[in-house]
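Those sequence lines, one after another, are chains A and B. No gaps in the numbering here: position 59 of the first sequence is 59 in my numbering, and each next residue is one more. No gaps in the numbering here: position 593 of the second sequence is 593 in my numbering, and each next residue is one more.
Keep in mind that a hint or two might mislead.
To be verified - As a list, the in silico BS3-like pairs of lysine-lysine whose alpha-carbon atoms are at most 27 Å apart: (1) B:LYS254 to A:LYS63; (2) B:LYS255 to A:LYS18; (3) B:LYS589 to B:LYS486; (4) A:LYS244 to A:LYS215; (5) A:LYS122 to A:LYS166; (6) B:LYS629 to B:LYS589; (7) A:LYS220 to A:LYS265; (8) B:LYS423 to B:LYS480; (9) A:LYS63 to B:LYS640; (10) B:LYS514 to B:LYS589; (11) A:LYS122 to A:LYS91; (12) B:LYS21 to A:LYS122; (13) B:LYS446 to B:LYS480; (14) A:LYS91 to B:LYS21; (15) A:LYS18 to A:LYS220; (16) B:LYS21 to B:LYS2; (17) A:LYS244 to A:LYS220; (18) A:LYS18 to B:LYS446; (19) A:LYS63 to B:LYS255; (20) B:LYS469 to B:LYS486.
Hints listed in this document are in silico derivations from the structure and should not be mistaken for laboratory results. The structure presented is a predicted model; accordingly, all values stated were derived computationally and were not measured.
The lines below spell out each chain.
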Amino acid sequence: MITASNITKRFDDTIALKNLNCTIPEGCVYGLVGSNGSGKSTLLRLISGIYRPEEGSITIDGKPVFDDPDVKNRIVFVPDELYFLPHADLKRMEQLYAAVYERFSHERFETLLKEFSLNPDKNLNTFSKGMRRQAATILALSCRADCILFDETFDGLDPVMRNLVKNLLYREVMERGATAVITSHSLRELEDTCDQLALLHKGGIIFESDVGHLKTSLFKVQIAFSDEYGRERFEGVDMLSYSKHGSVASMIVRGDREETESKLKAMNPVLFEVLPLSLEEVFVYEMGQRGYEFSEVLKQEVE
Amino acid sequence: MKHPLIHRGFFRESFRQLRAKGLIATLLLMSLNLILFLTFLTRDPVNSSVSHYDARLMALPMLLILYVMGPILVFGAYRWLNRRVQSDFYHAIPLTRTQLFATTSAAIFAWLLIALGAFAAVHAILFAVFGLPFNYLLYLCVFLNMLIAAIEIVAAFSIGSALSGRRFPAFFQSVAILFLPRLLLSAFWILTEVDSGFTLPFSQLAFFLNPEFNIAATPFHSLIYGINYANVPAMLYSFAYSVLLLALGGVAFKKRRSETAELPYASRVLQTATRVMFGLPSLAAIVVILNLRFRYGSEQTDFLTTSSLLPLIATSVIFSFIFYCLYELISSRKMKKVVKAMPAFGFCIALALLFIFVPGWIGKLRKPQPVTAETVRSYRFSNESTLIVPNRIASEETYPDYVLHHHTFREESAKTLIEAMQKANIAYAEEDSDWLDFLSDRVIVKDGGLFQKTVDLPDRTTAANQLMKTCMDDPAFTEKLFAYPKGRITYVVTGLTQQEAQEVGRLFREDYGKLTEEQRRSLITSYNSVFDIDRKTGPVGLSIMLLGSYGTENYTMYCRVNELTPNAAKAMLGYLNARNEAAVRERLKELVAWMEQPDRSVSAGIFSIGTYSLDRWALWNENEKGSPKSAHPEAYRILKALSEAPLTTDPAHCATVSVRSYETGVFSVSINTVGVVGFEIDENLKNLILQWIGDVNDSYDPSDFGSI
């Protein structure tokens, strides 16, 4: 389990993370979403032991990460901007990784090479952006780390490769019980990948939840009655929003779906329909509840 | 150890990444090897100014290579510290910061060790294979010094790399770490020096004040003063200092944040300190001038009036300010930061003021401490003393010098002399403070104080000779002086092969052992020591050169080979006669024939007979009237008799003759040395020679004829 407690990280006069707390359980895919500058990459660098927080602590299973090779051997980090040795090919990089990561598996490396169909003897500088990310993924997954940290995971990958990477991540989580922490500035990208999601804004997590729960606990209802009615008719239903056009009312409801359904059906509506929400729509409403404008949090470029 | 300081896998990786640079370093050192060896091999060991191979010769070029390759290797190994992406990559790998630093440093050292080791091994092997005179102990000392210097250079540049995220500030900070402390201390010490009969010379200073005690920062000093590479305390100090620097590098590296990459500095305080250092050199000249004014009034700097001094101060300050700002601009690349940095320029001015005023006050504490005859316990001649050996021809010590510099004297009469000399020094200093510039000879005195004291020899010839005369009254000294030289000795004889020379040397040693002190003294030629300054004979006739090394020191000694060393003389003459007889007789016949019917385009002469050097070379040339035979009948008779005389190896009845002729052209003169042989001389020929020599050489002494 990765635990960040009251983390504060500054860069000169800029505060990148402020009093951040989060707990990432073992064996899950944890998504960090936020706009540029929200602190996603900084958080990953803190978890991987590259940065030392000015305040607070980051631990994995209770052990501080920073400057502890035993803990760092359990972590592998794939940054958004990739680094390979000058003029190196994948074989050369394999040697570097094998030299420093105790659990590096040559067999796993060979298997992944075949899966990605990359030429291990070709200079990595000649690779396209997507191929370089594939190469970095091969190297990272060959480390057999307990915590796999991916920054802007799918950047540059085509849909086929995205699926491959996703599947490989699932396998790591399912088969080895690894924990994957992945970041993206796009919520849609993480929607069908993560078990848990956290939304970062201005150096803090403003929302964190289980994705399955999020999707089932918030839904849209369209309802109409033959007589005239108003919002007060739905007293006892936890509505995040309510609107009425003619005789049809639309509402975003939070709570147990079946219970709400039976409650509303008992009112004998002439129209009753329950519609699923996209994750983005869920976030818009949840943010609204917390007093944030979703567009401000996830779309707007932060200085 | 759970996490060993040096991570094996990462070491292999770092070592591999430095391969190209490491090989270049090795190649450079091997080239130096070849140059040094060939230079030594192709020179004439007798006529060259350096007789013994001096391992110190390799120190400065080696240091220069270390100064270039050390930083290249360090910056190559730590290049990832200057790029954010790379810095994150390396900081993410499962090693502690200390392991990263120690392992990377180990890889750098491994390459330097390979380069230096290959150099050292090949160097030693080459000299051993060719059997050349070589002091292995001194060589080892120089090599160890170079290793220590390598650690120091790597450590300094590692600290610089850790303190900055950009190449230029890192380089500047590294250079400053390496040189500035020593430079500032030396400058401070020099500025505190008072002109007097007694000042502590550099070599007498302890630890951090002594420039020898920090090998990597010494090259500038060594160019002027030379360095004693066998100084064990200096080596230990340099080693401890280099390890301390390395440890500081480790601490700086551990404290460094990954995000420092691409930033000009790790902390603002450091950036300010570096800027101040960058601004200081422009103030150096004005600091010295104002320091002198403060200490001596305007006497020393009377070439500058107050009105010309003010613009000079203003210019220095402006230049200093420009360099100060320039550093900030180059390192931070932001004009805004330059403006913010301006107020801290005050530190530059404050430091300059410190150097102007404080040394003067400290200098007053270094006032002369008179040496009195009563307090002098012992004295010895400083190694810096060179002029007391006026006839020295080799750049290294002669054996008598060696004995002189290593003997502690306690002669009572000399103590009074030393007191008088220091009094004279102080009196001179009061009259003319420039007089010190001309002195380099000094004695080091122990008088029971905390430090040894030095007394310069004010009147070189008189003082040196007076002191030397007292030395010769010390039986302990003369016993050492005339004992056979200690250590490993290689013999060199002109005209003989190396093997032949060693054989002659072995016999010479045996013969020498049987002689009295006075006889031994007569064999040591005047090239060797001051106490023979009045002797008129030079190393003509037969002589042997001893190239010795004892401990870490080398020495040379020229000795005559004559009837006092009969076995050596016999062997030497045997080799020379066999080798040169035909050529010498041929040339003598040609000379006789030429004297009878001269070719006017050619001149000829006899260079020496026995130990007599013929000042005029007994010249015949186109300006002389008549034939050479009629102009110089004695010479003709001598040459004729010599051409027919038998050769001998008996030194008691022999004169060696060196025949040279030279042909004059319009623009050139070529001299052909035929060689030396020993002729058997009967009474008639001896008288004839003496008579003729008396004509051409006024200072000859017929009683010396017995010498070869």
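Hints and how they fare:
Restraint check for LYS254 (chain B) and LYS63 (chain A): the C-alpha separation of about 20 Å stays at or below 27 Å, so the hint holds. For the proposed pair LYS255 (chain B) and LYS18 (chain A), the alpha carbon gap of about 22 Å is at most 27 Å, so the pair holds. For the hint pairing LYS589 (chain B) with LYS486 (chain B), the CA-to-CA distance comes to about 45 Å; that exceeds 27 Å, so the pair is violated. This hinted pair checks out: LYS244 (chain A) and LYS215 (chain A) have alpha carbons roughly 24 Å apart, not beyond 27 Å.
Note on LYS122 (chain A) and LYS166 (chain A): the hinted pairing holds, with a Cα-Cα distance of about 25 Å set against a maximum of 27 Å. With a C-alpha separation of about 13 Å, the suggested pair LYS629 (chain B) and LYS589 (chain B) falls inside the 27 Å cut-off, and the hint holds. A distance of roughly 15 Å separates the Cα atoms of LYS220 (chain A) and LYS265 (chain A); the hinted pair therefore holds under the 27 Å criterion. For the hint linking LYS423 (chain B) to LYS480 (chain B), the alpha-carbon distance of about 32 Å lies beyond 27 Å, and the restraint is violated.
Taking the CA atoms of LYS63 (chain A) and LYS640 (chain B), the gap is near 105 Å; set against the 27 Å cutoff, the hint is violated. Between LYS514 (chain B) and LYS589 (chain B), the direct Cα distance comes to roughly 41 Å. Violation of the 27 Å bound is thereby established for this hinted pair. A threshold of 27 Å between alpha carbons decides the hint, and for LYS122 (chain A) with LYS91 (chain A) the separation of about 9 Å falls inside it, so the pair holds. Proposed proximity of LYS21 (chain B) and LYS122 (chain A) is supported: the alpha carbons are some 24 Å apart, at most 27 Å.
In summary, the hint linking LYS446 (chain B) to LYS480 (chain B) is supported, as the alpha carbons are separated by about 22 Å, within the 27 Å threshold. Taken as a hint, the LYS91 (chain A) and LYS21 (chain B) pair is honoured in the structure, with Cα atoms around 22 Å apart against an allowance of 27 Å. Pair hint LYS18 (chain A) plus LYS220 (chain A) does not hold up; C-alpha atoms about 35 Å apart against a cutoff of 27 Å. At roughly 32 Å between alpha-carbon atoms, LYS21 (chain B) and LYS2 (chain B) are farther apart than 27 Å, so this suggested pair is violated.
Of the supplied pair hints, the one linking LYS244 (chain A) and LYS220 (chain A) holds, its CA atoms being roughly 13 Å apart against a limit of 27 Å. Proximity of LYS18 (chain A) to LYS446 (chain B) is assessed by CA-CA distance (about 69 Å); at most 27 Å being required, the pair is judged violated. Using a Cα cut-off of 27 Å, the hinted pair LYS63 (chain A) and LYS255 (chain B) holds, with the two alpha carbons roughly 21 Å apart. Distance hint between LYS469 (chain B) and LYS486 (chain B) is fulfilled; the C-alpha atoms sit about 24 Å from each other, no more than 27 Å.
Hints 3, 8, 9, 10, 15, 16, 18 from the list above are not met by this structure, while the remaining hints are.
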